[in-house]
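First to last, the protein sequences are chains G and Z.
Those letters in the first sequence? Residues 0 to 194, by numbering that gives the first Met the number 0.
Those letters in the second sequence? Residues 0 to 194, by numbering that gives the first Met the number 0.
Calculated directly from the structure, the hints in this document are not laboratory data.
Errors might be hidden in some of the hints.
Identical copies carry no separate label here, and so any pair may be met within one copy or between two of them.
[As the list claims (entries may be wrong)] Restricting the straight-line Cα-Cα distance to at most 20 Å, the calculated cross-link-like pairs of lysine to aspartate or glutamate (EDC-like) are:
1. Lys193 / Asp122
2. Lys193 / Asp90
3. Lys94 / Glu128
4. Lys1 / Asp186
5. Lys153 / Asp166
6. Lys150 / Asp166
7. Lys32 / Glu16
8. Lys1 / Asp122
9. Lys28 / Glu16
10. Lys144 / Asp124
11. Lys150 / Glu23
Number of protein chains: 2
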Amino acid sequence: MKNIITISREYGSGGYEIGQRAAEALGFKFYDKELIAQIAEKLLVSEAYMRSTEDKLIRRNIFREVFPTLSGNDNADADFIFAQQGKFIVDLAEKGNCVIAGRRADYYLRDNPNALHLFFYADMDFKIERICRTENCSEEEAARKISDMDKRRKTSYEYVTGRKWADRHNYDRMICTSSLGLQKCVDEIVNLIKE
Amino acid sequence: MKNIITISREYGSGGYEIGQRAAEALGFKFYDKELIAQIAEKLLVSEAYMRSTEDKLIRRNIFREVFPTLSGNDNADADFIFAQQGKFIVDLAEKGNCVIAGRRADYYLRDNPNALHLFFYADMDFKIERICRTENCSEEEAARKISDMDKRRKTSYEYVTGRKWADRHNYDRMICTSSLGLQKCVDEIVNLIKE
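All chains, please: the whole structure from these sequences, using the hints.
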């Protein structure tokens with residue numbers, strides 16, 4: 000019986016909104032930034048600190064892709080935070096009946112038989128139109144944001160998990176949001192859980 | 000209104016059977032080898048000839064991956080057959096209400112707004128168990144068959160289409176058959192088409 004949903008997604012695909020709507024339809028809790036805030040409390044560090052550490056790590060790893068000969072292991076802070084996030088997500092899933100967006104939850108819950116792992120993606124035109132509308136920016140800015148955000152997600156996902164980002168074998172379903180629309184995706188998820 | 004379904008899949012995932020069952024549930028026609036036979040008739044060549052030409056091409060392309068400096072364009076026969084198959088699939092889709100398994104139908108119908116493109120995959124254990132049972136072979140043989148067949152599919156797909164095999168952006172849904180079972184996949188497809 001699946002009663003935990005993890006949401007992974009391309010930036011701009013609408014996967015986050017689908018997760019929220021599905022949680023509402025199912026009467027499940029929805030976790031995302033709230034989750035980060037709770038972890039931050041546990042760690043007794045501010046959310047801002049956690050974010051800045053993670054940002055630094057991602058920038059450094061992108062830099063290392065370009066200059067692979069540079070090395071050194073000064074990622075200890077970020078490693079600690081990632082590990083705490085993982086433990087927290089595993090604890091959270093114990094209660095079931097929840098949707099968790101992002102935070103590599105698919106990885107931390109990979110052996111949880113009650114978890115349904117979903118990945119959302121979309122056509123580039125759909126994502127650009129969506130970002131322009133929700134973030135009130137130009138098409139050029141939207142395209143750049145999409146590229147930047149997915150690169151960041153990929154980098155941190157691959158750094159922490161050692162798995163390939165968006166690899167189908169890590170998910171139960173990969174769903175294109177632009178082909179049939181968001182509501183159809185919500186209905187599909189509800190059906191997968193309910194039946 | 001989607002009334003054409005294309006089925007792409009990993010060998011052993013059960014995608015073919017799901018396609019058959021979904022076609023039955025929807026009252027749609029199901030095309031696969033029958034399709035090849037019809038094309039063969041059009042071409043006035045035997046199915047065996049078509050198969051052997053395609054096999055030769057695939058072997059040659061695998062060979063070329065290993066020895067990329069060898070070249071020469073002696074694929075004219077196969078190119079002709081692939082082109083005929085593509086035209087035939089486009090004609091077939093004109094009538095709608097059908098499920099087409101394999102034959103790179105997702106590529107030929109990429110601009111058809113009535114087509115729903117599905118890709119099925121599964122855990123390796125699930126695929127091996129399935130192949131052992133349906134083809135009455137050992138686990139080692141099953142694992143080898145899975146690897147060989149997917150390599151053949153990938154090679155011919157990428158040769159003909161210039162696209163990456165199993166790239167999510169070519170599909171509306173990528174569905175893991177082993178996580179919720181085949182019948183759930185059939186119901187899901189029927190719901191996607193019907194609602």
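Which numbered hints are broken by the structure, listed smallest first? Failing hints, ascending: 1, 2, 3, 11.
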